[in-house]
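Chains as they are written, first to last, in UniProt numbering: chain E, 1 to 296; chain C, 1 to 296; chain P, 1 to 296; chain F, 1 to 296.
Bear in mind the hints are in silico, worked out from the structure with no lab data behind them.
Among the hints, a few may not be true.
Not everything, but these chain F residues come out facing chain P in the computed CB check (under 10 angstroms) [unchecked claim]:
{"id": "1", "residue": "Ser122"}
{"id": "2", "residue": "Ser211"}
{"id": "3", "residue": "Leu267"}
{"id": "4", "residue": "Val292"}
{"id": "5", "residue": "Leu296"}
Straight-line distance between alpha carbons at most 25 angstroms, and here's what the computed DSS-like set of lysine-lysine pairs gives [unchecked claim]:
{"id": "6", "chain 1": "E", "residue 1": "Lys156", "chain 2": "C", "residue 2": "Lys200"}
{"id": "7", "chain 1": "P", "residue 1": "Lys104", "chain 2": "C", "residue 2": "Lys104"}
{"id": "8", "chain 1": "F", "residue 1": "Lys156", "chain 2": "C", "residue 2": "Lys294"}
{"id": "9", "chain 1": "P", "residue 1": "Lys294", "chain 2": "P", "residue 2": "Lys200"}
{"id": "10", "chain 1": "F", "residue 1": "Lys200", "chain 2": "P", "residue 2": "Lys156"}
{"id": "11", "chain 1": "F", "residue 1": "Lys104", "chain 2": "E", "residue 2": "Lys104"}
{"id": "12", "chain 1": "E", "residue 1": "Lys200", "chain 2": "E", "residue 2": "Lys104"}
{"id": "13", "chain 1": "E", "residue 1": "Lys200", "chain 2": "C", "residue 2": "Lys156"}
{"id": "14", "chain 1": "E", "residue 1": "Lys294", "chain 2": "P", "residue 2": "Lys294"}
{"id": "15", "chain 1": "E", "residue 1": "Lys22", "chain 2": "E", "residue 2": "Lys104"}
{"id": "16", "chain 1": "P", "residue 1": "Lys156", "chain 2": "P", "residue 2": "Lys22"}
{"id": "17", "chain 1": "P", "residue 1": "Lys200", "chain 2": "F", "residue 2": "Lys156"}
Distance ranges between label pairs, derived from CB positions [to be verified]:
{"id": "18", "chain 1": "E", "residue 1": "Gln152", "chain 2": "C", "residue 2": "Thr125", "range": "38 to 48 angstroms"}
{"id": "19", "chain 1": "C", "residue 1": "Thr125", "chain 2": "P", "residue 2": "Gly259", "range": "44 to 54 angstroms"}
{"id": "20", "chain 1": "P", "residue 1": "Ala52", "chain 2": "C", "residue 2": "Asp53", "range": "42 to 52 angstroms"}
{"id": "21", "chain 1": "P", "residue 1": "Ala130", "chain 2": "F", "residue 2": "Lys156", "range": "28 to 38 angstroms"}
{"id": "22", "chain 1": "P", "residue 1": "Ala100", "chain 2": "F", "residue 2": "Val208", "range": "18 to 28 angstroms"}
{"id": "23", "chain 1": "C", "residue 1": "Arg112", "chain 2": "P", "residue 2": "Ala52", "range": "33 to 43 angstroms"}
We put the CB at the ideal spot given by N, CA and C, even for glycine.
4 protein chains.
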Amino acid sequence: MSRIAFIGLGNMGGPMAANLLKAGHSLRVFDLAPALVAGAVVAGAHAAIDAADAVVDAEVVISMLPASRHVEGLYLGDAGLLAQMPAGALVIDCSTIAPACAQKVAAAATARGLQMIDAPVSGGTAGAAAGTLTFIVGGEASALERARPLLQAMGKNIFHVGASGAGQVAKLCNNMALGVIMAATGEALALGSAHGLDPKVLSQMMAVSTSRSWATEVCNPWPGVLENAPASRGYSGGFGNDLMLKDLGLAAEAAMSTGASIPLGELARNLYAMNSRAGHGGLDFSSVVKLVAKDL
Amino acid sequence: MSRIAFIGLGNMGGPMAANLLKAGHSLRVFDLAPALVAGAVVAGAHAAIDAADAVVDAEVVISMLPASRHVEGLYLGDAGLLAQMPAGALVIDCSTIAPACAQKVAAAATARGLQMIDAPVSGGTAGAAAGTLTFIVGGEASALERARPLLQAMGKNIFHVGASGAGQVAKLCNNMALGVIMAATGEALALGSAHGLDPKVLSQMMAVSTSRSWATEVCNPWPGVLENAPASRGYSGGFGNDLMLKDLGLAAEAAMSTGASIPLGELARNLYAMNSRAGHGGLDFSSVVKLVAKDL
Amino acid sequence: MSRIAFIGLGNMGGPMAANLLKAGHSLRVFDLAPALVAGAVVAGAHAAIDAADAVVDAEVVISMLPASRHVEGLYLGDAGLLAQMPAGALVIDCSTIAPACAQKVAAAATARGLQMIDAPVSGGTAGAAAGTLTFIVGGEASALERARPLLQAMGKNIFHVGASGAGQVAKLCNNMALGVIMAATGEALALGSAHGLDPKVLSQMMAVSTSRSWATEVCNPWPGVLENAPASRGYSGGFGNDLMLKDLGLAAEAAMSTGASIPLGELARNLYAMNSRAGHGGLDFSSVVKLVAKDL
Amino acid sequence: MSRIAFIGLGNMGGPMAANLLKAGHSLRVFDLAPALVAGAVVAGAHAAIDAADAVVDAEVVISMLPASRHVEGLYLGDAGLLAQMPAGALVIDCSTIAPACAQKVAAAATARGLQMIDAPVSGGTAGAAAGTLTFIVGGEASALERARPLLQAMGKNIFHVGASGAGQVAKLCNNMALGVIMAATGEALALGSAHGLDPKVLSQMMAVSTSRSWATEVCNPWPGVLENAPASRGYSGGFGNDLMLKDLGLAAEAAMSTGASIPLGELARNLYAMNSRAGHGGLDFSSVVKLVAKDL
Chain E
1 MSRIAFIGLG
11 NMGGPMAANL
21 LKAGHSLRVF
31 DLAPALVAGA
41 VVAGAHAAID
51 AADAVVDAEV
61 VISMLPASRH
71 VEGLYLGDAG
81 LLAQMPAGAL
91 VIDCSTIAPA
101 CAQKVAAAAT
111 ARGLQMIDAP
121 VSGGTAGAAA
131 GTLTFIVGGE
141 ASALERARPL
151 LQAMGKNIFH
161 VGASGAGQVA
171 KLCNNMALGV
181 IMAATGEALA
191 LGSAHGLDPK
201 VLSQMMAVST
211 SRSWATEVCN
221 PWPGVLENAP
231 ASRGYSGGFG
241 NDLMLKDLGL
251 AAEAAMSTGA
261 SIPLGELARN
271 LYAMNSRAGH
281 GGLDFSSVVK
291 LVAKDL
Chain C
1 MSRIAFIGLG
11 NMGGPMAANL
21 LKAGHSLRVF
31 DLAPALVAGA
41 VVAGAHAAID
51 AADAVVDAEV
61 VISMLPASRH
71 VEGLYLGDAG
81 LLAQMPAGAL
91 VIDCSTIAPA
101 CAQKVAAAAT
111 ARGLQMIDAP
121 VSGGTAGAAA
131 GTLTFIVGGE
141 ASALERARPL
151 LQAMGKNIFH
161 VGASGAGQVA
171 KLCNNMALGV
181 IMAATGEALA
191 LGSAHGLDPK
201 VLSQMMAVST
211 SRSWATEVCN
221 PWPGVLENAP
231 ASRGYSGGFG
241 NDLMLKDLGL
251 AAEAAMSTGA
261 SIPLGELARN
271 LYAMNSRAGH
281 GGLDFSSVVK
291 LVAKDL
Chain P
1 MSRIAFIGLG
11 NMGGPMAANL
21 LKAGHSLRVF
31 DLAPALVAGA
41 VVAGAHAAID
51 AADAVVDAEV
61 VISMLPASRH
71 VEGLYLGDAG
81 LLAQMPAGAL
91 VIDCSTIAPA
101 CAQKVAAAAT
111 ARGLQMIDAP
121 VSGGTAGAAA
131 GTLTFIVGGE
141 ASALERARPL
151 LQAMGKNIFH
161 VGASGAGQVA
171 KLCNNMALGV
181 IMAATGEALA
191 LGSAHGLDPK
201 VLSQMMAVST
211 SRSWATEVCN
221 PWPGVLENAP
231 ASRGYSGGFG
241 NDLMLKDLGL
251 AAEAAMSTGA
261 SIPLGELARN
271 LYAMNSRAGH
281 GGLDFSSVVK
291 LVAKDL
Chain F
1 MSRIAFIGLG
11 NMGGPMAANL
21 LKAGHSLRVF
31 DLAPALVAGA
41 VVAGAHAAID
51 AADAVVDAEV
61 VISMLPASRH
71 VEGLYLGDAG
81 LLAQMPAGAL
91 VIDCSTIAPA
101 CAQKVAAAAT
111 ARGLQMIDAP
121 VSGGTAGAAA
131 GTLTFIVGGE
141 ASALERARPL
151 LQAMGKNIFH
161 VGASGAGQVA
171 KLCNNMALGV
181 IMAATGEALA
191 LGSAHGLDPK
201 VLSQMMAVST
211 SRSWATEVCN
221 PWPGVLENAP
231 ASRGYSGGFG
241 NDLMLKDLGL
251 AAEAAMSTGA
261 SIPLGELARN
271 LYAMNSRAGH
281 GGLDFSSVVK
291 LVAKDL
């Protein structure tokens with residue numbers, strides 16, 4: 001059993017920490033929101049008074065934060081965690097951030113004799129709660145082997161996709177494709193509906209045909225098609241439109257940094273941006289269908 | 001067992017007719033290519049000398065033709081089949097055509113006391129051979145019930161999506177979403193590859209994540225990822241780029257006819273058009289990845 | 001001076017007819033709206049009781065109608081004008097319609113020994129009133145020469161761009177480019193505004209730089225930049241969003257009919273469709289900027 | 001007459017420096033390419049042995065460099081020019097770079113008691129040679145007034161569009177709109193050509209109609225339409241495809257930094273990226289028409 005510092009206890013980090021506790025690990029936790037820390041303590045964690053306090057004696061530091069700047073702020077600089085961590089400790093950053101940022105922090109970790117992997121996840125809050133997340137890992141194989149038992153306590157699939165930053169690139173590739181697929185599925189259902197078809201029947205057909213996807217089967221964007229999808233509860237919960245917008249922005253930056261072209265990915269980015277401007281930034285990203293469907 | 005006239009014995013129609021013969025039905029067949037007729041005769045069909053000759057005594061007429069103009073040419077007009085068919089016969093048109101054309105032919109059939117369903121398919125040549133096609137049916141329920149035993153001899157799933165023309169609309173919705181999903185998957189794999197990721201590992205991850213689709217799992221557009229995909233044999237076989245281009249054009253026309261907007265669908269149409277202009281019109285539609293991937 | 005039948009006295013047709021009267025021609029006019037006929041009578045025209053009555057004794061028939069179906073309805077069929085017109089008369093259709101429709105009517109005219117040109121216009125209601133329209137003509141040179149004095153009474157520039165239908169194709173090319181340019185200008189002004197720039201100063205710079213266009217100089221989409229532009233009066237007047245949407249749809253159909261690709265043109269079509277769905281279909285088409293600009 | 005240090009003597013900087021010399025100013029010049037320095041010396045400049053040597057005694061430093069990293073490298077850091085310049089000197093950076101980079105260098109200049117304006121240009125190499133450039137200026141009014149006589153020696157129009165960085169934002173807005181307009185004009189001409197129209201006649205019509213632009217009148221993308229346009233000499237000379245690609249990338253980053261959406265701008269970026277991948281990166285950006293036109 002490992003001594004783990006866990007930083008970031010939000011919608012994703014909270015249930016991930018709970019699964020580590022269930023597996024018998026010892027956790028010192030920190031979050032800027034005291035209520036989230038208190039929740040983890042109830043589940044068996046020790047409360048740290050700040051991030052530096054959390055890493056005292058830690059063998060492993062796990063972080064789950066919103067964006068690149070939070071990750072850089074946590075680890076880098078004279079007061080950053082890399083300067084506070086015990087020698088030989090392992091960093092597992094599960095945040096979805098810019099690949100270049102992941103590489104920068106990993107290089108700083110290496111310079112201090114620490115190991116680090118980027119391990120962004122797929123599976124959403126439901127996967128975090130059920131312990132069925134997919135981890136998409138970039139970094140050295142030896143670091144991944146140290147992390148593996150902990151990742152297995154929180155998830156089901158682990159993919160080692162390359163060196164530092166590769167986990168973030170792969171996550172962006174997945175989310176870019178997802179963002180396009182969701183919006184395209186919305187276009188298809190709206191087109192069918194405009195011709196008098198029932199989006200539920202159309203979705204059932206698509207779900208067993210060549211256009212099948214997570215967007216038809218799990219998170220269908222049309223209200224009433226799937227009872228448990230965000231679309232059927234006013235697009236609440238789920239993965240926010242503005243989070244998808246952020247990920248598509250990271251994908252666009254990644255494309256531009258290599259001269260790649262992602263015409264559908266960038267058009268999708270603009271669709272989510274227009275949906276955000278229409279006041280739907282806080283809704284589930286499947287609400288992008290509102291741009292093209294009458295009366296939704 | 002039914003007396004069936006089967007018109008159109010190409011890559012799809014040929015194996016579909018073969019499956020009807022295997023199920024014990026009696027077929028009179030016609031195709032403009034004598035070699036295709038000869039092939040069906042070997043499998044047990046009777047050769048008709050022309051389409052009109054094929055429908056003599058037919059209880060059911062099944063057609064599988066390339067485009068709207070062929071379907072209109074076959075059925076309408078003074079010399080068309082609707083004027084030649086026995087009273088009470090049933091028409092099953094499995095071609096993928098414009099919804100308005102399907103409605104026009106069905107209305108003409110009704111005016112002559114005949115029944116007609118539009119029943120375009122999903123599943124490709126592999127599904128046609130294996131008898132696992134999905135039929136997407138528009139028309140009256142009673143007509144579908146008459147057709148059901150025949151459809152079951154050729155396929156696995158049958159979806160009744162609405163009145164005449166609805167099968168075509170649903171097929172276009174599926175293919176439009178598929179066209180976008182394929183091109184977006186290509187963008188994601190090219191983006192990962194440009195950052196040094198292995199498209200095979202990336203595809204394996206995506207196949208169990210939220211961007212999973214037929215395009216990652218069955219017809220992966222990157223050469224070498226899936227041994228049996230067209231991409232791994234020079235993009236030969238499969239569903240041609242120019243057929244996808246045709247279907248996206250039909251989807252665009254369907255969108256314009258109702259004032260719907262399909263921004264991703266129409267951008268995808270243009271990507272397939274540019275791929276066609278680059279000389280890849282006859283390749284599998286997954287070759288659209290060539291537009292965005294270096295050295296493919 | 002010619003004996004002219006003028007059909008269609010709306011925002012464009014009304015002032016065009018007035019300019020012909022001013023030039024001394026004799027006009028018999030018809031419109032479905034009696035008030036519009038009455039207005040032309042005040043200006044010196046003779047009221048016809050229907051379209052057929054208008055063409056009695058006419059040397060030239062001029063029409064200015066909303067869409068393809070109106071033009072076909074007016075001229076074709078047993079009761080159509082082509083069957084009523086005096087032998088040798090000339091048809092000048094100034095409507096913006098599908099090129100295929102223009103060719104169909106012209107072929108029918110030729111079959112009856114009549115001449116016809118398609119002569120859609122550029123210049124808007126202001127150009128119609130001022131007699132400064134641009135005529136974009138398709139048809140035989142000899143027919144254009146007969147029409148030229150009349151076109152010169154209504155406009156300033158006359159371009160002979162090809163055979164029957166070519167005028168319509170060229171008009172669509174112009175309007176497609178215009179639709180893209182307007183929306184792109186809106187994006188540029190919104191981008192500048194989001195960074196704190198004054199859209200008026202930005203527009204003044206652009207108007208003398210490489211991105212200059214009619215959209216920056218005459219019909220600027222940002223309120224307050226140009227006093228006389230629709231944007232400065234709540235996007236009222238001008239060329240309606242849904243008319244641009246119609247023209248972009250015709251351009252898309254023209255592209256699909258030849259396998260051409262117009263990726264920007266079709267994306268623009270979808271932007272105008274989304275603007276229409278947002279309730280702005282009746283506003284000037286420059287209101288498309290609302291999709292991308294905060295607080296407009 | 002001013003003592004000026006001029007850094008960067010390429011296709012743009014060279015003729016700009018020559019115009020300053022013609023106006024009687026004293027120039028110390030530097031470029032990494034000795035041949036370019038030699039050329040300026042012939043025109044009357046003094047050769048500096050490096051950038052630091054150029055700014056000795058300078059009242060004004062003018063730079064014209066390829067990209068953000070060159071500008072940061074020149075001015076910032078302990079060995080950067082800001083640390084070498086005489087007190088009170090004025091910096092005029094005419095490069096097209098990221099707005100954030102311009103703001104960063106200007107802030108560093110202010111911190112050292114220097115003034116700086118960003119003054120990117122429009123007008124191309126022809127405008128640089130003729131002294132008819134447009135300067136798009138961001139920075140304090142007092143700094144612009146000091147710069148004005150020098151800008152007037154090199155150009156015709158001067159626009160003060162806002163504070164530091166605003167010149168860069170406005171330049172990007174112009175170039176983004178231009179990039180879209182050029183590609184859309186290419187689509188229109190290709191669409192007309194596919195229908196049998198002569199692109200030259202079509203261009204003449206468009207040039208006096210609502211779709212008129214610099215792309216129809218000055219830099220027409222179709223070979224043979226304008227004798228002096230790059231398209232008529234194999235797309236050589238002019239503004240390179242990859243420079244437009246770079247500017248559209250900066251525009252996309254600027255949009256993402258404020259949550260703005262520029263759907264046409266980002267689609268255009270991808271079109272230029274695809275044109276670059278097709279091997280046309282070094283051609284004039286009007287070669288983007290090759291993506292959509294048969295046989296060009």
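Hint by hint, which ones does this structure get wrong, listed from lowest number up? 5, 8, 12, 15 and 19
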